Amino acid sequence: MKAFVLAGTIGLLALGLLPVRVTSQRAAGAAAVNTTAPAPRLANGKPSMAGVWDNTRRADVTNPAIPGFVKELPYTAWGKARWEGYDAFMQTNGDYVGNCLPFGMSRSIYGPHPLQIVHDSDHLVMLFEQNSMFHLVPTDGRPFTKDLPASWFGESVGRWDGDTLIVDTVNINGFTRVDTIGHPMSARARITQTFKRVNFGTLEHTFTLTDPKAYTSPWTVKDTWALEPETKLLEYACMENNRAFYEGRIKPFVPPDDVD
Amino acid sequence: MKRASLLVCAALLSAHTLTAHHSFDAEFDRTKPVTLTGSVTRVDWGNPHIWVFLDVKDDTGKVANWGVEGGAPNALFRNGWRKDSLKVGDTVTVEGSKAKDGSLRANANRVTLPDGRRVFAGSSGGDK
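So the protein sequences, as listed, match chains S and E.
Every letter in the first sequence is one number past the one before it in the working numbering, and letter 196, counting from 1, is 196.
Every letter in the second sequence is one number past the one before it in the working numbering, and letter 63, counting from 1, is 323.
To be clear, the hints were calculated from the coordinates, so they are not data collected in a lab.
Keep in mind that this is a model prediction, so the values were computed, not measured.
Note that beta-carbon positions come from the ideal geometry of N, C-alpha and C, so glycine has one too.
Heads up, a few of these hints could be off.
To be verified - With a straight-line Cα cutoff of 30 Å, these simulated DSS-like cross-link-like pairs (lysine-lysine) come out: (1) E:K292 <-> E:K317; (2) E:K292 <-> E:K360; (3) E:K343 <-> E:K360; (4) S:K146 <-> S:K232; (5) E:K347 <-> S:K80; (6) S:K222 <-> S:K196; (7) E:K358 <-> E:K347; (8) S:K196 <-> S:K46; (9) E:K360 <-> S:K232; (10) S:K251 <-> E:K292; (11) E:K317 <-> E:K347; (12) E:K317 <-> E:K358; (13) E:K360 <-> E:K347; (14) S:K232 <-> E:K347; (15) E:K322 <-> E:K347; (16) S:K196 <-> S:K232; (17) E:K322 <-> E:K358; (18) E:K358 <-> S:K251; (19) E:K358 <-> E:K292; (20) E:K343 <-> S:K251; (21) S:K232 <-> E:K343.
What the hints assert, rightly or not - Pulled from the structure, derived: some chain S residues nowhere near chain E, Cβ distances all over 12 Å: (22) V33; (23) T36; (24) E72; (25) A77; (26) W78; (27) P112; (28) N173; (29) G182; (30) K196; (31) T208; (32) T210; (33) P212; (34) T216; (35) T231; (36) L234; (37) N241.
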């Protein structure tokens, strides 16, 4: 089979469709899925967002080639300076992802590796293959945790607006960038995501960043994700073979001190 | 071949790229292409990228051991690569970009296998 798959890869090359999209492989015994069936429901009657989704790869949220992009980012003076001062090679503050530190919400959602959502009536859990990270979203009405130290992904709570789940995230440490190309965000950022399962095989997702230190107004990225029932998440132990870091091409991360 | 055709279709429709977890430009120089032909001496199949080492002979006959970075192992696996797709002793040709620090390191974009097939190696070069 390997030979066939490699032959398939050559076929893609011939079609000029690089970078190649990754095919998933059907798990033994996996049943066929009717993707146009109604959205599955949780015990509380709300739609379940559960599944492995083809979370859109966005290395640059302003890339017009990817539908749902942001046309223009409304920088503040701080945001503009932080964007223009970012140099991937000089690795401003060290490249935190090259250090295998957490990617944060946006770079995990928009990264090249799959996302699985596990969902019940009280919690939504995002499982990111990237670095084998997880992120928990209580949906049982609890508030944000008082005095919780800031973190890479921040803290999230979810609430329903009809059949749309709204996830708010705050208390972000400000060390992360929005995307691979390095658009800025600060510790004042608030991320609001919406999840709407249109049918069994389709989920509409929005990502809104409200960050008064980096942007003069909120902006939103919109995605439509397809279910990938044949994809199984795998372990991703980031530091096991991180030669770029071990050999010094990626410098050690130094937390920025101007993000609050 | 039916299976192969299905896989090609799935690849066209599926979503996850083989591309890297950090900026290509942090480590490699897309303006410095390199083609390396040599004998595989070691394959490190691990995250965040696989690394393949080659003994490459230059025009004077001097041999240097190059290390080339490929894609993330899970993504490569889903695209048909296996841990033993490249074996020690295989003669392969790698097309990619040199590291910015001038070391004997490169990012692999294409690999031509011993049987002549030329396959994508998971470079992030097109996905800044």
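Hints the structure fails to honour = Hints 4, 5, 9, 27, 29, 35, 36, 37 not satisfied by this model.
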